[in-house]
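J.: Given chain A's structure and the hints, the job is docking chain B onto it.
Residue numbers (our numbering), protein chains in the order written: chain A, 881 to 1092; chain B, 704 to 905.
Just to be clear, a hint being listed does not mean it is correct.
[Stated by the list, open to error] List time: in silico DMTMM-like cross-link candidates among lysine to aspartate or glutamate, alpha-carbon distance up to 20 Å: (1) B:K774 with A:D899; (2) B:K890 with A:D982; (3) B:K890 with B:E902.
[Said to hold, decoys possible] Going by beta-carbon spacing under 10 Å, a handful of chain A positions derived as facing chain B: (4) K886; (5) L889; (6) V890; (7) D892; (8) D899; (9) F900; (10) F901; (11) L927; (12) A977; (13) D982; (14) L1088.
Hint data in this document are derived by calculation from the structure and do not stem from the laboratory. We treat Cβ as the ideally placed atom computed from N, Cα and C, and that holds for glycine.
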Amino acid sequence: MENSQKSKLVNDIENSLDDFFGEKDQTTQATPPHTGSSLEGLKSAVLSIDWEITDQCLSDLIGETDALLPTFQKEPETHALLRMLRALSRYIQQRKAQAHQDAIKRVMSVFASIESLVNDKQMHQTDRKRLVAREISAFKKLKEQIESQRKTAVSIGASSATEGAADAAATMGNGAFQAAMGELETRFNTQIQDLKGQIESLRKELDLLRKG
Amino acid sequence: MAVINIRKSEVQIKIVYVGPGRGGKTSNLDFIFASIRHRIQSDMVSIKTHGDRTLFFDFLPFELGQIQGYKIKTQLYTVPGQVKYNATRKLVLKGVDGIVFVADSMQVMREKNIMAMENLKENLAFYGIDLYNKFPIVLQYNKRDLADEGIALLDIDTMEKDLNSVLKAPYFEASAVKGHNVIPTVKKAISLTIVSLQEHLK
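With the rest of the complex left out, here is chain B:
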């Protein structure tokens, strides 16, 4: 749940990037950081294993500015995608206000995308959050650029059917390594999260 400081007129929101391992969650944060680093004081923190896998999480905090008199502080996190790190994923999801689900568009990753979505649903349920009950989430179908290299990709209809048929969440086709639709994804996630928070507080 967001941290709200009425005295300081400050709201802190937490958005977590989830999805299967090697799906591009950290690449999203890397690109966002590269795009805004000249505007922010903070640094991005990454804890990786050998081979550049996220071991614990990536963390990118920044101040967005004022919205309706409130200073909005945003914290972006990623979780490790590998199945074996579920305890870490669960821990990082504590207090989450919004989700970006980064799905891997490669055909071979279809099963892993579905499993990651199921895992997210279970982990949120642990904190009493029903993913299907208007929880702010944005889907990103990543690695669309791989089609140019002749790699077999899932078509968008299939991905929508697999992952978004019940959620009906906004989605973006993206290429995190090239930066395509990375910023629109995070903007949408922040926007949905703040609106949801406002509705929740009313």
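In isolation and in its complexed conformation, chain A is listed as follows:
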């Protein structure tokens, strides 16, 4: 390339770069990266579980969600979705590999909706409510599927339970076996109660949103 052509090109590039990044030294102008809890932090946590689901990733996700809740206290739609995200994360953390296969999809979808609510300030109130209602409905459907799976598992388990229980009781001793079964039952009940509570509270919020 001839020198004159090259210097013209360099000049054009530098002008474009100055226009794009700003001519002045950015050191004092640019906003430093946000280091506290932010939607970026939540996004990073969500992307992490998309990559690999570990206890730590889920704890990070719950932590990020908890940290954001006070920030969106006065935005009921976003607040509701954040709580839903927290409930889903807790469920996956508790059930691990046994978690329903659609639970992760729900996490992604709820996060995408949160992002839309936060980033699109122009979104009409009706659309915001519709978005939340859609997520609540999908969350309810997932909960129903989880309950139905659990019932199926219980009925299948019941038929083989007599033999299995006899074997287990024989090896563990009757008292220890009863205690283990009791613990399992309590844990299932707590999880169900927790999910029911979340649904109930989300339903109330939805009613309030509809009225408002």
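T.: Frame of chain A, contents of chain B only:
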């Protein structure tokens, strides 16, 4: 190699930030993103492990505008710096058009800087690129601000001798976390890359 769409008058260039682990590559991209986010439609994608290490890569795409009738689309990538992720580094370097080498100025990182530069040379050679044959590269001597905290830093002459004695590439003393010289580094890298591309196509 850059993607050139003659019909759309569009050029897409790929610039990759490389260097030793914990050297500040992602901090560079974070700062750039924070500076231009109000102007761009796209988002920055980061895939991190626990403890904020880059696991796969960071990716920041944006449109720069028109230069000599061509719309310039820029993609900035970082690679994971940790030695064990060489396969990922090699993969991300595929099709690279320009490099920013982020060196860590701490004295204890001297060896790691040199190893990272050697690794870059080898990985580029895998794609038939000779780093020493006018390949567009900018060096950034990062973490200069740590001197204020009493941390022993390499002097610039030593870093130049270690990393830039053959390359003779432009370099910047910088502090990525504070944003000092982050934008001038990326501007220089984009400029060198476009000029090199133009020369290559002539």
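J.: Next, verify each hint and record whether it holds.
T.: Results for each hint:
1. B:K774 with A:D899: holds, 14 Å
2. B:K890 with A:D982: violated, 44 Å
3. B:K890 with B:E902: Holds, at about 18 Å.
4. K886: holds, 7 Å
5. L889: Hint on A:L889: holds, closest Cβ of chain B at ~6 Å, below 10 Å.
6. V890: This hint holds: A:V890 lies near chain B, its Cβ roughly 6 Å from the closest one there, short of 10 Å.
7. D892: holds, 5 Å
8. D899: Cβ of A:D899 sits 7 Å from chain B, so the hint holds.
9. F900: Where the cut-off is 10 Å and the nearest Cβ of chain B is about 5 Å from A:F900, the hint holds.
10. F901: holds, 5 Å
11. L927: holds, 6 Å
12. A977: Where the cut-off is 10 Å and the nearest Cβ of chain B is about 20 Å from A:A977, the hint is violated.
13. D982: violated, 23 Å
14. L1088: violated, 32 Å
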